[in-house]
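Undergrad: These are the residues of each chain, in order.
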Amino acid sequence: MSWTNHLPALVVAVPLFGAFGAPLVSLGGRVARNVWFLFFAAFSAFLSLLLWQHVVLSGTMVYVMGGSAWNIPLPSGMSLPVRILLEVDSFGALLALIGGICAFAGALFSLKFMEKFTGLDKYTALYLLLLSGMQGMVLTGDLFNLFVFIEIASVASFGLVVFWRDRPEAVEAGFKYMVVSTVGVMFILLAVAFLYGRYNVVNMAALGANLQYGLPEKVALIFLVVALAMKCGSVPMHMWTPDAYAEAPAAVTCLLVAVSQASLYALFRICFSVYGLSMGSSAVAWAIIVLGCLSMFVGVSMAVIQKEIKRLMAYHSVSQVGYILLGLGVGLLALGNPQEMNAYGMTAIKGGIYHLFNYAMYKPLLFLCAGALFYAAKSRNLNSLGGLARKMPYTTVLFLLAAAAIAGLPPFNGYVSKLLIYESSFAVHPILPVIAMVTSMLTLASFVKVFQTAFLGPEKEALSQVREVPQSMILGMGLLALVILGLSLFPSWSLDHLITPAAEALVDKASYVGAVLGGGF
Amino acid sequence: MIGNLPYIVVGLLFTYGLFAVIFERNLIKIAVGITVLESAVNLLLIVYGYRSGGNIPVFTLAGEGSSFVLPTPQALTLTAIVIGLATSALLLSIIMVLYRHYGTLDVREIRRLRG
Amino acid sequence: MRHMRPLSVIARVVCNAFAWFMVVFGSYVIIHGHLTPGGGFQGGAVVATALAFLVITHGGDFALPKLKKELFIGLEQAGLLIFICAGFAALGTTFFYNFLANSGGLFGASIPLGPNSGVLNSSGTIALMNMAVGFEVVGGLSLILYYMLHGILQNLGSEEMGKEETGHDR
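Chains as they are written, first to last, in the working numbering: chain A, 1 to 521; chain B, 1001 to 1115; chain C, 2001 to 2170.
This is chain A alone, in the form it adopts within the complex:
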């Protein structure tokens, strides 16, 4: 069918339409707004699934916004792409799928979770706008368009983090997040300006074809790596992560985790497909590996001592991002050398991407479980929770599933991706898997502490009225749990069909550039 060629634009435009129409539809009452919200979240998830299927079967898709023909990417007479292009390969489509699933789960959860608050029409509009910005980040083929979508997603997330504006802590967290994020994004724009000034194009494929690695390109690469690592919460720039993830409503944190994965996508797209082999030395790869190790260790050390459940999980978020940075940094290190690539490079990249997928499934589930605890017990402090396993059986089982996955226990998906990262990083330097394994042990320790404190143990009197959370919240959490179980029970299928096309598309700079410039550049 020819409408499948419009899928990249539809995946970005359909949530945008939902966001623009939400205040109007909310005039029809609570039911109309909930139906609109759920319909658009579900429809976007379904469209991203169709897009992923189409890209894996038919190869990289290029879509011209506003051009006269979607299958001729070059305007006549010009040899450089001058239109806004959306370029979707398997890696981008995988991330769009992840975003769609997380958004649908969060939307199901927030139907009942947020129902006591006012201003929900704006919540719906901001949530769908955040989803649209995130899908735009991973599907675009153009550096300035990437900046615009990062800003759309960031400004929507600022509004959502301060949504509970009667809490002073939430507003303080939102302010800190805003200042750090805006300064970082200005650095991204500075880097885009440098690259535009040198080459007069902002299209990523055209830049990749023409890039020569001089001083302005090095400075632009440094700005881009630092700013995008800030957006995903890796260590020297992680100060906003605990505050913003803890003070946002739980469904919003679910989507914020997916947005941080989209900025990791942008980081690796720039390192592999725009810069690629023209980086002469391995300095950037080692810098990413060091950032990864620091994130892993500092994140989990700060997490063991926390008393508030969402802040603890946000510090774990910092440490899990470290795993992904380690895996993909090792892959970047091996990029220039085909024999090293065969030995450990592809394994590292596959491990990093698989860990990205796993992290984006179990971390939102953990945050949603913490939200369910907050909804039921009205408190986030571990000292006041206890013995909830009898009252909330579904939440207990889902929390157990997610905690086992994050700690890397063998049947679950966390184990597979961590094993791939341990194997490949051992070939670079023996101390890297040691740091990773210590982190894994400390992660297990802190989740044992949380599970024992919140769910096991004797009941407290203050919590005697606690009941299980409503059905729609369980459905939202159950969707993520289903994906985790699927990944755990069929690891080799998911490795071959989900992760390997994405890893190969990431490494193959020639096909990324050739899809736009028409081969032979």
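No wet-lab data here; the hints were simulated from the structure.
What you are looking at is a predicted structure, and each value in this text was computed from that prediction instead of being measured.
Heads up, some of the hints might be wrong.
So, partial list: chain C residues that the calculated Cβ filter (under 8 Å) puts toward chain B [to be verified]:
| hint | residue |
| --- | --- |
| 1 | P2037 |
| 2 | F2088 |
| 3 | A2089 |
| 4 | T2093 |
| 5 | N2121 |
| 6 | S2122 |
| 7 | N2155 |
Every residue, glycine too, gets a C-beta built ideally from N, C-alpha and C.
Given the structure of chain A, go ahead and fit chains B and C onto it with the hints provided.
TA: Chains B and C only, in chain A's frame:
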């Protein structure tokens, strides 16, 4: 004839903005520092579009000139200005709500989330 | 209330003379966006400044109750929906394709080549989207100013909090 002067101005503005965000204590001054930072980067984008002797890039108004300045960075800068406006409006509104909650505009007092 | 008092008589008279002129000038900048520098955002910002002008010179207590929030919300929604529907309507070719240019209908006149004084009816969906963005910016910026000015009045008269902020819980 102007040489490197626009780039030096951009660098100075960017440094001033960055110093204001890092070292100032009043919340409003931090917001102003962010605005100066955005202006510096927008100026850099426009300066990259200049071609000496070029006319304005509007075809029906340009007259008899033979070369235009580039219009693409002007479009990029417009987008960046609008984004900067949205960020500043949200930042100032958050500062108003923070003042209502904490009663002070000193950033060293607003530290309830620690550790 | 010491703050937000009306300014002096000279300021009020000049404001009455010039505020509507700003609206007219802003509309000119919006409508001619495809021919002259300007367009949706710039013209919309000029029109929204007229609102700020009125409120500051006449004082918050006098001017703010006379502004209707629903007008601005309606303008903003109309602008957003026209914009996104113009994008979807072109989906026969590509998203956001300019299907009205050179077609002879609405906004469809063709432009003669060479320097001339410009044809207002041309350039298809660009002019339509310009006007949609103009409406949206007028509505949006006016709403931002309206809520901020309400916030100032609430901050200063903080013993009586407005009824719109209810329903949160800690």
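Undergrad: If a hint holds in the structure, say so; if it does not, say that too.
TA: Now the hints, each set against the structure:
1. The closest approach between the C-beta of P2037 of chain C and any C-beta of chain B is roughly 7 Å, which is under the 8 Å cut-off, so the hint is satisfied.
2. Contact between F2088 of chain C and chain B, as hinted, is not supported at the beta carbon level, the nearest pair being about 22 Å apart and thus beyond 8 Å.
3. A least Cβ separation of about 23 Å between A2089 of chain C and chain B goes past the 8 Å threshold, and the interface hint is therefore violated.
4. Evaluation of the T2093 of chain C hint against chain B yields a violated restraint, the C-beta minimum of about 22 Å exceeding 8 Å.
5. The interface hint given for N2121 of chain C is broken, as the beta carbon of that residue sits about 14 Å from the closest beta carbon of chain B, more than 8 Å.
6. Because the smallest distance between the Cβ of S2122 of chain C and any Cβ of chain B comes to about 10 Å, over 8 Å, the interface hint for this residue is violated.
7. Interface restraint check for N2155 of chain C: the shortest CB-CB distance to chain B comes to about 6 Å, inside 8 Å, so the restraint holds.
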